[in-house]
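Chemist: The primary structure of each chain is shown beneath.
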Amino acid sequence: MTVNTDGPSAQQIAQAVAGGKLSAIDATEAALARIAKCDSVLNSFTDITADRARAKARAVDAAIAAGQKVGPLAGVPFAVKNLFDVKGLATRAGSKINRDLAPSPRDATLIERMEAAGAVLVGALNMGEYAYDFTGENVHDGPSRNPHDPTRMTGGSSGGSGSAVGSALVPIALGSDTNGSIRVPSSFCGVFGLKPTYGRLSRARSFPFVASLDHLGPLARNVGDLALAYDAMQGPDADDAACTTRPVEPVAPLLAKGVDGLRVAVAGGYFQKNVFPEAVEAVARIAKALNATRTVEIPEAARARAAAYVITTTEGASLHLDRLRRRPNDFDPAVRDRLIAGAMVPAPLVDRAQKFRRWYRARVLELFQSVDVIIAPATPCIAPKLGQVTFTLDGVELPVRANIGIHTQPISFIGLPVVAVPVPLEPMPIGVQIIAAPWREDIALRVAHALERMGAAAAPAPRGL
Amino acid sequence: MKVAEKSTDPLDNYIDAVAKALALPVDDAWRPAVRANLEVSLRLARLVDEFPLPDETEPASVYTA
Chain A
1 MTVNTDGPSA QQIAQAVAGG KLSAIDATEA ALARIAKCDS VLNSFTDITA DRARAKARAV
61 DAAIAAGQKV GPLAGVPFAV KNLFDVKGLA TRAGSKINRD LAPSPRDATL IERMEAAGAV
121 LVGALNMGEY AYDFTGENVH DGPSRNPHDP TRMTGGSSGG SGSAVGSALV PIALGSDTNG
181 SIRVPSSFCG VFGLKPTYGR LSRARSFPFV ASLDHLGPLA RNVGDLALAY DAMQGPDADD
241 AACTTRPVEP VAPLLAKGVD GLRVAVAGGY FQKNVFPEAV EAVARIAKAL NATRTVEIPE
301 AARARAAAYV ITTTEGASLH LDRLRRRPND FDPAVRDRLI AGAMVPAPLV DRAQKFRRWY
361 RARVLELFQS VDVIIAPATP CIAPKLGQVT FTLDGVELPV RANIGIHTQP ISFIGLPVVA
421 VPVPLEPMPI GVQIIAAPWR EDIALRVAHA LERMGAAAAP APRGL
Chain B
1001 MKVAEKSTDP LDNYIDAVAK ALALPVDDAW RPAVRANLEV SLRLARLVDE FPLPDETEPA
1061 SVYTA
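As given, the protein sequences belong to chains A and B, one line each in that order.
Taken in order, the first sequence gives residues 1 to 465; the numbers are from our numbering.
Taken in order, the second sequence gives residues 1001 to 1065; the numbers are from our numbering.
The following block holds chain A by itself, in its conformation from the complex (with noise of 0.2 Å):
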């Protein structure tokens, strides 16, 4: 699989734009002609802010003229999952519904430091609705497709932040992350992607979905972007109950630090079961390059998949409540019956639920006493065909929508810092979580960059285009 070779990085970019060898306006205008070129087939974005993005691309040019200092992402082409809300636009978070909201008067905290930073909004991506969903598929605007087969998924709720930085229409997107919505299409498409703690990057002014599990982050073709777009997003908001008070902590500097020291060891148990040979293979690679022989067992793993399943559906069936009401017919049906069955879940099961969570927090959190970095696989398959209902697992029948998140779902319920990392196996990459303890997104993409430069983790070039 060719690695690699479409697509200036984003750091290429804002040092070429910096530098006065690439205008920010032709820069721009180099994405929007391969949007233009490419998402016919791949369906990744559902709105393209053409007019601001030159707007912008031009101030970024006029301050490099007038002699000024510019961000450490100036001219970077970028796009947000549709639940950001963007100055003009109806946030409509993959539904029907939300496309009656009035236009947002103010853009996301999010896209805020990435344009503060010098990178160009150019357009709004496709997702699941309402977020919950791990397909990519979408009754309104169709499927997000796979860059590197069309015919198969691009895995969600972020399928076109996946689906748009596979196949390198932009160098980053920003996506959401409840069960897995940023580390499952990063696995199908094959990018890179970084859940932080939960509460480290403000979620203010996005459309939410479960409140106590909502994250958002960014997905990019290699660690070193990923790592400019996480600093340029750190930072306390006020306008996020959630939010970290704690300083921001740039992580770039440190990504050549390597992984000498660290102690890693892979997921075993639970994380060994229900998986495909390729995830299998995929994390045996990654276990052999950063020679990781031992293996931790996740406490009670399953259970905290299911709590995070009630939780999710029960509060998100609190957030929809009314539009379940008033406009039941306009939700694409499997989510509002989910939803439907979520209002119906007895409240002592929820408490239960979230008292279970603190109790497997302080377990897990333990494990971090003895390991700095824990392995497991991001999903147990690679993208499955558009519109595949079930898959057939050591001879068992299982529903596809169902297994996509079990590996994803433990980890985020706890709010862990993960880099999905890919690794590109023939036919289709496939990706591999690597877990930190909270607020440690450093040693996360530390051992990212090393995998990426001992070339076992690489976002393979689109092919399906």
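One or more of the hints may lead you astray.
Pulled a few chain A residues facing chain B out of the computed Cβ check, cut under 10 Å [unchecked claim]:
| no. | residue |
| --- | --- |
| 1 | R336 |
| 2 | R357 |
| 3 | W359 |
Think about it this way: if two alpha-carbon atoms lie no more than 25 Å apart in a straight line, the pair counts; the simulated DMTMM-like pairs of lysine to aspartate or glutamate are [said to hold, decoys possible]:
| no. | chain 1 | residue 1 | chain 2 | residue 2 |
| --- | --- | --- | --- | --- |
| 4 | A | K87 | A | D231 |
| 5 | B | K1020 | A | D322 |
| 6 | A | K273 | B | E1039 |
| 7 | A | K96 | B | D1028 |
| 8 | A | K69 | A | D47 |
| 9 | A | K273 | B | D1049 |
| 10 | B | K1020 | A | D351 |
If you're looking for bench data, these hints aren't it; they were derived computationally from the structure.
Predicted, not measured: the structure shown is a model, and the values here were computed from it.
In this text, a Cβ means the ideal position worked out from N, Cα and C, and glycines have one as well.
Take the given structure of chain A and dock chain B to it, following the hints.
Modeler: Here is chain B on its own, set in the frame of chain A:
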């Protein structure tokens, strides 16, 4: 709702009662899918429910005073 009126199944009756209490529409055409989803949710919730926890365990929902 007609299906439920004829049903003696406790879960169908429960779906009817909660739908009424919450003023949630459950069309006959959706009922099997709603029921199937609720069965999954309750099965997974049972997995959590049967795990013993100390009475003092604090829930992990987000709140900072």
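Chemist: Take the shortest C-beta to C-beta distance between W359 (chain A) and chain B; is it under 10 Å?
Modeler: holds, 6 Å
Chemist: Just to be careful, I want the Cα atoms of K1020 (chain B) and D322 (chain A) compared with a cutoff of 25 Å; is the pair within it?
Modeler: Holds. K1020 (chain B) to D322 (chain A) sits at ~14 Å (cutoff 25 Å).
Chemist: For the pair supplied as a hint, K273 (chain A) and E1039 (chain B), confirm whether the alpha-carbon distance does not exceed 25 Å.
Modeler: holds, 23 Å
Chemist: CA of K96 (chain A) to CA of D1028 (chain B), is that 25 Å or under?
Modeler: holds, 23 Å
Chemist: Taking the closest Cβ pair, is R336 (chain A) under 10 Å from chain B?
Modeler: holds, 7 Å
Chemist: Take the C-alpha atoms of K273 (chain A) and D1049 (chain B), compute the straight-line distance between them, and say whether it is at most 25 Å.
Modeler: holds, 23 Å
Chemist: Decide if the proposed pair is consistent with the structure: K1020 (chain B) and D351 (chain A), CA atoms, cutoff 25 Å inclusive.
Modeler: Cα-Cα ~23 Å, so holds.
Chemist: With chain B as the partner, please determine if R357 (chain A) meets the hint condition of a C-beta pair closer than 10 Å.
Modeler: holds, 4 Å
Chemist: Please work out if K69 (chain A) and D47 (chain A) have their alpha carbons no farther apart than 25 Å.
Modeler: violated, 30 Å
Chemist: Starting from K87 (chain A), check that the Cα of D231 (chain A) is at most 25 Å away, please.
Modeler: Satisfied, since the Cα-Cα distance of roughly 23 Å is no more than 25 Å.
Hint compliance for this structure: hint 8 alone is broken.
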